[in-house]
Structure formats: C-alpha cells, structure tokens
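K.L.:
Listed below, chain by chain, are the residues.
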Amino acid sequence: MNRKTKKSLQSLGLAAAFSLLGTTAFAGVLKKPYLIYEMPNTTMTVLWQDTAVETTNTISWGTDTSYGLGSATVPEETRPGTVNQHKYQIAGLTPNTKYYYQVADSSSGLVYGTGSFITAPEENATSVKFIGQGDSRSQPFALNNLMKSIKAFSAQSPEFAEYQRLTIANGDWVSTDGESYWTNEWFVPAMTDIAAYTASTPMDGVKGNHDNSSGYSTTFTKYWPFPYPNATLKAGSAATYNNLYWSMDYGPVHVTYVDEYSSYAPGSPQYNWLISDLTNTTKPWKILVYHEPSYSSGKDADNVAARALEPLVTQYNVDLIFAGHSHNYARTGAYSAAQANGDQIALNVPHFTSGGGGAPIYQPDYSNTGNFPHVITAWPAYQFMTFDVNGKNLTMNAYQINNVSSTAIRPLSSSFPAADGGQTLSVSLIEQVALHHFTNVASQITATPGNFVYNRATKLYTGNLTLTNNGPALSGKIDVVLDGLVNLQGIGSADNEYSTASPKVTSKIANKPGTGKGSSDPGLATNLTLTNATGSNNGEPMIQASSTGLAKGASLSVALSFSNPTNGEIKFNPVTYQE
Amino acid sequence: MKFQAIKLLVASMLVLAASSAFATTVHETFYTAPGTNAYLYFDYVPANGGASSVKVENFSTDGILGSAFTSAPDVINAASGALPGTLTFNNSATFGITDYLQGITFGKSFSFDVDYSDFTAGSSTFSLWVSSDKAGLNPLLTDSGLALVTDLNGDNSISAANSAPVPEPSSVFLMLFGLAGVIGYRVHKQKGLAALVEAPALVA
Chain L
39 MNRKTKKSLQ SLGLAAAFSL LGTTAFAGVL KKPYLIYEMP NTTMTVLWQD
89 TAVETTNTIS WGTDTSYGLG SATVPEETRP GTVNQHKYQI AGLTPNTKYY
139 YQVADSSSGL VYGTGSFITA PEENATSVKF IGQGDSRSQP FALNNLMKSI
189 KAFSAQSPEF AEYQRLTIAN GDWVSTDGES YWTNEWFVPA MTDIAAYTAS
239 TPMDGVKGNH DNSSGYSTTF TKYWPFPYPN ATLKAGSAAT YNNLYWSMDY
289 GPVHVTYVDE YSSYAPGSPQ YNWLISDLTN TTKPWKILVY HEPSYSSGKD
339 ADNVAARALE PLVTQYNVDL IFAGHSHNYA RTGAYSAAQA NGDQIALNVP
389 HFTSGGGGAP IYQPDYSNTG NFPHVITAWP AYQFMTFDVN GKNLTMNAYQ
439 INNVSSTAIR PLSSSFPAAD GGQTLSVSLI EQVALHHFTN VASQITATPG
489 NFVYNRATKL YTGNLTLTNN GPALSGKIDV VLDGLVNLQG IGSADNEYST
539 ASPKVTSKIA NKPGTGKGSS DPGLATNLTL TNATGSNNGE PMIQASSTGL
589 AKGASLSVAL SFSNPTNGEI KFNPVTYQE
Chain S
2 MKFQAIKLLV ASMLVLAASS AFATTVHETF YTAPGTNAYL YFDYVPANGG
52 ASSVKVENFS TDGILGSAFT SAPDVINAAS GALPGTLTFN NSATFGITDY
102 LQGITFGKSF SFDVDYSDFT AGSSTFSLWV SSDKAGLNPL LTDSGLALVT
152 DLNGDNSISA ANSAPVPEPS SVFLMLFGLA GVIGYRVHKQ KGLAALVEAP
202 ALVA
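Residue numbers (the numbering used here), protein chains in the order written: chain L, 39 to 617; chain S, 2 to 205.
With the rest of the complex left out, here is chain L (with noise of 0.2 angstroms):
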C-alpha cells in the first residue's frame, strides 16, 4: 500500500464514519413529535415515530423548558401497522396551563424534538378559543406556508397565542391513505413549520374522502388515533377500520366528528351514536364536524346525502357545521322557508366550508341558480378560521393567507400581519361571523320602524325603530336583529389574488344570498350597511337597543342609520333578543 493509496482509505473511512453519524443522527426520529388531544383536560397526547426499534425513548415535561415535572420511557405502540410509532398521554396535568415537553433517546443523548402546549380548559370554563383548518393535503409547501402564518398569527400577542391551543381540522389531511403521502405531504423533514405548528398545537379531527380507502383507514388511523368510540376493524385486516366517528368536549364546547365514509344514514349505529352524543352533551355550544360539506359553493359536489343530518341541526341545536372539501372559503345556510325553497337545510345555522388549508385553490360559484345553492359569502383563498368563544357569544374569523406558494416556503411579511408589498406572508380578514346565545322575546315585543329620510349632507338614511314590550318586563340588554341583511361590517377587504375568474373577484358575496335554485326570494339584501350597529348575529347586523332592559308596557325609540349607496329598498325584519 503506497502512500497514496493509504491517504485515500484513510479519506474513505473518515467519509463513511461522518456517513454513520450523519445517518445516525437524522435517523433516529422519523416523524417528529406532535400532538393529539383525547380528553380529559388533564391529558396531552404526544405521538412521533423513530427509524428502528428503539426501546430507549423518553419524554420529559415541564411547565418551564426543564421539563422537570415528570418523564417516562416511551416503547413502541403495540397496535398492529404502528412500526416505531409512539404514543405517549401526559397525565395529571393542570386544566388551562402551559406546559413544554421534550422527546429524546436516551441511549443516543439525540433530542428528537421539543414542544409546548396548553391543557384544554376546565370543564366549567365559559370561554375558549382555537383554529380550524382542512384539506391540507398535497401541496407541503403550501401547507408549510400557511402553518407558518397561524403560527406567527398566534405569536401576536398572548391573547391571540390562545388560538394556538388546538385545531381542529375537517379532512383531507394527505393525499391518499398510503405511507408515502404521509411521510412525502405531511412529515416532510424539510418542512420545519409543519413540524413546528403540530408540535405545539393539538389537531383533532375527521378524516376526508383521500384518507378514505373504501369505506376504510389504514395510515390515518395509526398517525391520528382519536379516541373513536367504535371504530371496527375490517374483515381480514390488522389495522384497517371504519366508523372513524367521534366527539370531544373543550371547555364550553361540544365537537362532535362525522365519518361520512361509514354508513350514518338514518337509522345506522352512527346516525343512532351522533343522536345519543348531541342528546346526552351538557355543552352550551354544539359545533358538528365532517368533510364533504352538504352545502357548499363547489366546485367539487355538495354531500346530499349529509343533508339528512340538518335536521338533527335543527332539533338538537347545533350551533353551526365545520366542512372542508371544496378547497376554499364558504358560508352557506338559509334564514327562512322561502330561502330554502324545499331544501333540506336547517335554517339559521351557518355551514361553513373552510377547505383552504394546502390543496389547490377551487373556484366559488356565487350564482345560486345552479349545483351549490345557499351560498351567502364565498371566496377562493388559502385560509384558515379562528373560533372565540365567551360565554353567550361565538365569535368566528375567517382569514385569508396571503402570498401563499406552493412551490417554496415563503418569509413572513415585514409587517405581520399586514402585507408588506413583497411575496411575503401576510393575513387579512374574509369576513367575521358572530352567533350569541340570546333569548328571542320578540313574541312580546311590537318593533316598528319609522321615519327614514335620505340625508342630503351625510348620504346616509336615518330612521328610527320603536320597541314596545307587550310582555312581562324584561331586564338587561336588549338587542334588535335586522334579519334579511347581509352583515357588510363584517365583511373584509376584497384583495383576491387566488381568483382565476377574469376579472377577478372582487365581491365575497352570492347572488341573492341564502336562496336555492329557482328560488323566487330575493334573498338577503346587499344594500344596506347598518352604520350604527353594535354588532351582528349570524351574519346580519345588531344593534343594542337598551342596556338597561325594557319594562312591561313601556317603549323606546332605536336610531338607525343605512349608508345604502345603491338607493335600493329598506327592507328587514326585526328580531329582538334579550341578553
């Protein structure tokens, strides 16, 4: 051996030792950890996967980044098709608090991953908030860009962080229920916000016609084991499943998942479990999860089997209904017969599609005359939606993400969250959606509107409403609905640059909103800004007559006032409540 060739062996093996720790080093945690939330409030679930059999793996938590608190060796799930996955619950933990944990294999020293996360709120707890998000699925980098943005989004302020605490996301998390797509869409190394946003934010959810495999889960299962009261295995199968239904308590709220790829037709175990869940929660707000959403603004097809589940809506008061699917941002529903036109449709629930989390951007069909009827807003857009509960008021923000690629990951705006000018990553509002649990008194309450002038100088239409309390006397604030208007207020700036419609679409709002096809109503009207409103309520404006109550006899006189630039006609209804 000369001396050259020596140097050169001496090359090759320094070259396959670095190969070595290099492999060693980044095989040892193939999925990095994330979290699911199974209940109770004092539980987390951490899950991550290594590259072999490793029985040395640890998790350690904290409420600081000691993690001195508590820590456990982690082996391996035993669940069949789980191979080097591991599922760790943190027990005995405090409600409402954060804690950061970190996962590690101790017989290497090599950290896997750290996180952080707030437990879910006590169970008498009145207020809340999260996120929602679906449809993610094959576009990583898109996916990567938007869990970026929510992520700095919550890094706004120690209010907004709340949000961060849990998502709940409607489907089509991947592509196809395969290992690849998992392993290719969702935990891709190279996509350290994924990897970031899940490590410290629970997602709960439901799975979507691409988790779907006739009728059946296999990979979906094993990376998202929520606690499904009765997911049964397939016939010949050691890890397929159906009936992937469940539902979970948050604080004030009741969530409860729909799988629409097991049978919940009228009369199946499902539909028969969803009427015992809705029955049997003690929550005040009831939200209602699936995929395909039964009324949507397209492009892919409304669910008309779901349909069959708006009554349920309507008789166990479901607050409102989260669906994806149709990959953009869409809010469908109908205030009266006549908008539903014979439509199986429960009437004043909003039925959002929120479908903008990563796949490629749909098209909205605002016409109402065809396919997708009820559609009240609607906009193609990468998006995501926050939800704020506080006590009798549900407070729901629909956000575009701006700039979003599908082809590289993008920097945050120099102004987050407002745009900065650049291919940067900004956020602005859809719309805003607000429901209150009120008391309807206007079976007691005569309203009379009046007076409406157009003023010359302020180009407004003024008027007033007189409120008389035919009832008992009614105390705290009383607030006056105008139902038959679109809430304009709530509705954000038109800045679309996902629209392939020439010209773009500059309007979020459909063609006589809420109707159906071949409806003769004309909808909710789109005249009208209530400039004086106080506030709104499943998409119309509000305004607060009285803080003080109403006594029995008595009446009071409510200014309002229109911007109604087209000089179109006053029209409304209005609905009392009391607070």
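By construction, these hints were calculated from the structure, which means they are not laboratory data. Predicted model, so just to flag it, every value in this text is computed and none were measured. Each hint should be verified, as a subset may be incorrect.
Unchecked claim - Listed next, with one range per pair, are the computed distances between beta-carbon atoms:
#1 L:Glu160 <-> S:Gly51: 52 to 60 angstroms
#2 L:Asn134 <-> S:Asp144: 53 to 61 angstroms
#3 L:Asn134 <-> S:Gly51: 48 to 56 angstroms
#4 L:Asn478 <-> S:Gly51: 23 to 31 angstroms
#5 L:Thr572 <-> S:Ser145: 48 to 56 angstroms
#6 L:Ala511 <-> S:Gly51: 33 to 41 angstroms
#7 S:Gly86 <-> L:Ser513: 54 to 62 angstroms
#8 S:Gly51 <-> L:Ser481: 23 to 31 angstroms
#9 L:Gly380 <-> S:Gly86: 46 to 54 angstroms
#10 L:Leu594 <-> S:Gly86: 39 to 47 angstroms
#11 L:Thr604 <-> S:Gly51: 49 to 57 angstroms
#12 S:Thr95 <-> L:Gly380: 26 to 34 angstroms
Built from N, CA and C at the ideal position, the CB exists for glycine as well.
The hints should help you fit chain S onto chain L, whose structure is shown.
P.N.:
Using the frame of chain L, we list chain S on its own:
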C-alpha cells in the same frame, strides 16, 4: 236585532276611523323669507313597505319657481310631473327612494297638499328637505334641513313633524257625511225599517 244594530254601528265607525287615517290629504304651509334662493327636496322613502305612491298637489307660492331637476346626480329616482303641477312619487319600480328637486326664490310662503291615499302599509316616509344649495348641505327653515317628515307607520297612522297638517275640507266633509249616515241609520231604524239591518254584508 239590537245586537246586530250595535255591530253595524261599530262597523260604520271603524270605516270612518280608517278613512280618516288612511285616505287623507294634508295641506302644508311654510312661511319663508322673501327673496331667499332655495332648493326644495321632496323625498319619498319606503321602508318595509310595498309598492305605493304619494302625490304633491296644488302647489302654491308667491315666490318664483326656478329650475326643476329630474335626473341624476341631482335626484335619485325622479318623481313624475313638475311643479306647480302634480308630482307623483311612485316606488313600484325600485321600492327605493323617489325624489324631486325644485329651485325656488321664496316669497312669503309656499304651500301644497300631500295626498297619501295610495300608500300601502309599511313604514314609508315622505319628507321635504330645504337648503340654500343644490347639494343640500346648507339647511334652511330648520337646523336639520328637514322641513317636513310624515311617517306612514305600519299601522297606517300618519304622524307629521315640523308641520301642522290640516285635514282638507273634502276629508272633513267625508267624515261628517259618514257620521250623518250613521245617525240617519239610527233614526231610520227607530222608525221600523229593520230590513236594512238584516243586510248580511253589513254585519259580516
């Protein structure tokens, strides 16, 4: 028989009451500073109302009428007609505001009748806005600019602000005529003409 008669009397009184509130023509008079140039904006704003119309009739002034404006941007949905003739504010096409703008050099007063006989139940409002400029930014007669607001409420009652409406002689005559009919009927009935009371349409 007595019970039927009482019902007939009540029915007649109700017809009278409804007539006096619904089929009313109101005379309005405004006293002005002679020589002042002004603009009169007549507006009919239907709120929660159906198709209906209001008429301005018998306009009279010792001042001088100037230009009338019947198209945008001066007016939104122009009334038909022109002063001093009859103006008709009909909302059946748009269900929105119908208006009319008239330039005028004031004399000592101007007056007109407003015929509300063809409005439908709702909360429509007829108003007169007076200003010294065509844009309506500088009010005259009142601080707000609104010289007349007549609210046609959902219960068909009429209430006027900034004005002292006086029922037209024809309305008073109709009311007296109806009352005379009722009294006449009572006298007639007492004379034994019971057949009239039996008329089923009157007591339905």
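K.L.:
For each hint, tell me whether it holds in the structure or not.
P.N.:
We went through each hint and held it up to the structure:
no. : hint                                      : result
1   : L:Glu160 <-> S:Gly51: 52 to 60 angstroms  : holds, 54 angstroms
2   : L:Asn134 <-> S:Asp144: 53 to 61 angstroms : holds, 56 angstroms
3   : L:Asn134 <-> S:Gly51: 48 to 56 angstroms  : holds, 55 angstroms
4   : L:Asn478 <-> S:Gly51: 23 to 31 angstroms  : holds, 26 angstroms
5   : L:Thr572 <-> S:Ser145: 48 to 56 angstroms : violated, 24 angstroms
6   : L:Ala511 <-> S:Gly51: 33 to 41 angstroms  : holds, 35 angstroms
7   : S:Gly86 <-> L:Ser513: 54 to 62 angstroms  : holds, 56 angstroms
8   : S:Gly51 <-> L:Ser481: 23 to 31 angstroms  : holds, 24 angstroms
9   : L:Gly380 <-> S:Gly86: 46 to 54 angstroms  : holds, 50 angstroms
10  : L:Leu594 <-> S:Gly86: 39 to 47 angstroms  : holds, 42 angstroms
11  : L:Thr604 <-> S:Gly51: 49 to 57 angstroms  : violated, 19 angstroms
12  : S:Thr95 <-> L:Gly380: 26 to 34 angstroms  : holds, 29 angstroms
Checked against the numbered hints above, the structure breaks hints 5, 11 and satisfies the rest.
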